[in-house]
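**Student:** Spelled out from the first residue to the last, the chains are:
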Amino acid sequence: MKKSHLFYLTIIFIYLYVPIAVLGINAFNLNRYGLRWDGFTFKWFVAMVENPGLMEAARNSFIVAISSASLATILGALGAIGIYLYRFKGRFILRGSLLTMMMIPDIIFAIALLVLFLICGISLGFWSLLLAHTTFCLPFTVVTVLARLHGFDPYLLDAAKDLGASESQVLRRIIIPLLLPALIASWLLCFTLSLDDVIVSSFVTGPSFDVLPLKIFSMVKVGVKPEVNALATIMVLISIVLVVISQYLIKERKQ
Amino acid sequence: MRSKTRNAIITLISLWVIVFGGVPLLLLLITSFLKQHPDDFLSLSFSLKSYYQLVDPVYGEVMFRSVRQAGLTTLLCLIVGYPFAWITCRLQSRYRLAVLILMMIPFLTNSLIRTYAVRILLGTNGLINRSLLFLGLVDTPIKIMYTDLAVTLGLVYLMLPFMVLPLYANLEKFDYRLVEVSRDLGAGPIYTFRTVVWPLTLPGIIAGCIMVFVPTMGLFYVATLLGGARDLLVGNLIHQQFLISRNWPQGSALSVVLILMMILMLGFYGLVLLRLTKRREVV
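As they're listed, the protein sequences go chains A and B. Mapped onto the numbering used here, the consecutive letters of the first sequence carry residue numbers 1 to 255. Mapped onto the numbering used here, the consecutive letters of the second sequence carry residue numbers 1 to 283.
Among the hints, a few may not be true.
[What the hints assert, rightly or not] Below are the PhoX-like pairs computed for lysine-lysine, each with C-alpha atoms no more than 25 Å apart in a straight line:
hint: 1; chain 1: A; residue 1: K225; chain 2: B; residue 2: K4
hint: 2; chain 1: B; residue 1: K173; chain 2: A; residue 2: K2
hint: 3; chain 1: A; residue 1: K161; chain 2: A; residue 2: K43
hint: 4; chain 1: B; residue 1: K278; chain 2: A; residue 2: K161
hint: 5; chain 1: A; residue 1: K89; chain 2: B; residue 2: K278
hint: 6; chain 1: B; residue 1: K173; chain 2: B; residue 2: K278
Don't read these hints as lab results, they were simulated from the structure.
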């Protein structure tokens, strides 16, 4: 690697990671405002756990992330299998619509769903969040699972059918086991997408169901909150672990 | 081959896409042509008022500033991201994966938390100001927070991975030998870039710009947390129209404009791809 190239990459990564690192250091800093290093402490983590509003929002966010990731993975896998296996009218339209959905900016998606929920009389809270998050995660699972399906040996399915396997047997015994890494990867991706979403959540949830991004937003609008540093550090760590695992699962199939 | 499984799968996924993808967007479009109702939020009568309002100086100015801000962000992301993607493609494969994962992590880290992190850094007592003071470059802390500069820095920080990943996907397919051939034939680096590299990587550049430009205008919380003028982005206006003023038709009209910009850029992207394939056929 050329020295100038290494230098450039380093500068960019400093730009990307220094703010996160400072946040992480401040989470353990006794000095409330992070003005200087006053010593190591777990105080802010304790403060975070003892903040009932924050904990409730965290619980809600995790429930929504787990349920929408599961629902999106099931739906997305079925959708990808449908698009891959069956030739039907509108197959390309379906695929195109899913790709378009992936590109629509969050804010447009958020208000479009808000309008739908209010017109249909769906109250804003857990269910509206679940539906919204599942929908914006769906294209990502379809794409991940389809990529894996295209890596399959096409004769595998024909062989199974020739040997007399029924369609549901093919699905259960061959497709799903082979898809497992892609399914886990897309579940993890959806989980992080859901947990990190700010824009959609701020439109489609109601006052009775507070979620983390909104709670954090209202806390940091007024100033520095060390509990938020602690919480942010935990969330960044969760994201890093999940990204690395899911990338590992996706890359492994290529070897 | 017809079976219950097949029909169930296709129906389920298509219905989901229609009900939660197509219908809401259609409702949004319809809402933008309705009138605001004092108690009911919406009255069912046709009106173009929300669109006339868009050229009104108040909205027009926000629109203009928002487009300018998003344009600047996109340009900076491109200037910073293009060499990054180029260098990454030239790396040995074992380093490449590591660099890409390092780029993916911020991409999937909570953007609100990252905005907050930028805010800590840029504040009067933040790392930037203290470093400048320490180095003796300034005598008193400079004001970065609550300026348009802070918003720009925050937006570039958030959106850079969205530019780099599509660029990388495109540059990865670029045959580097073309550059060598061009240089061997006596072309200078600038000429080679302009006539060989740029046209072939243009689809990636446009894809990256699409991924950055329109979404940037929706990031209302960045303007709220870092900005001086709180209505810097269209996203702030939409947020305000929907959640505070309850003027749904106005908010919907603003987002229809965003969708139109998106469609325009996608059309341009299609056009460039078409020209490129045609040119290849000629060669």
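**Student:** Can you list which hints this structure breaks, lowest number first?
**Tutor:** Numbers 1, 3, 4 and 5 - these are the hints that the structure violates, sorted from lowest upward.
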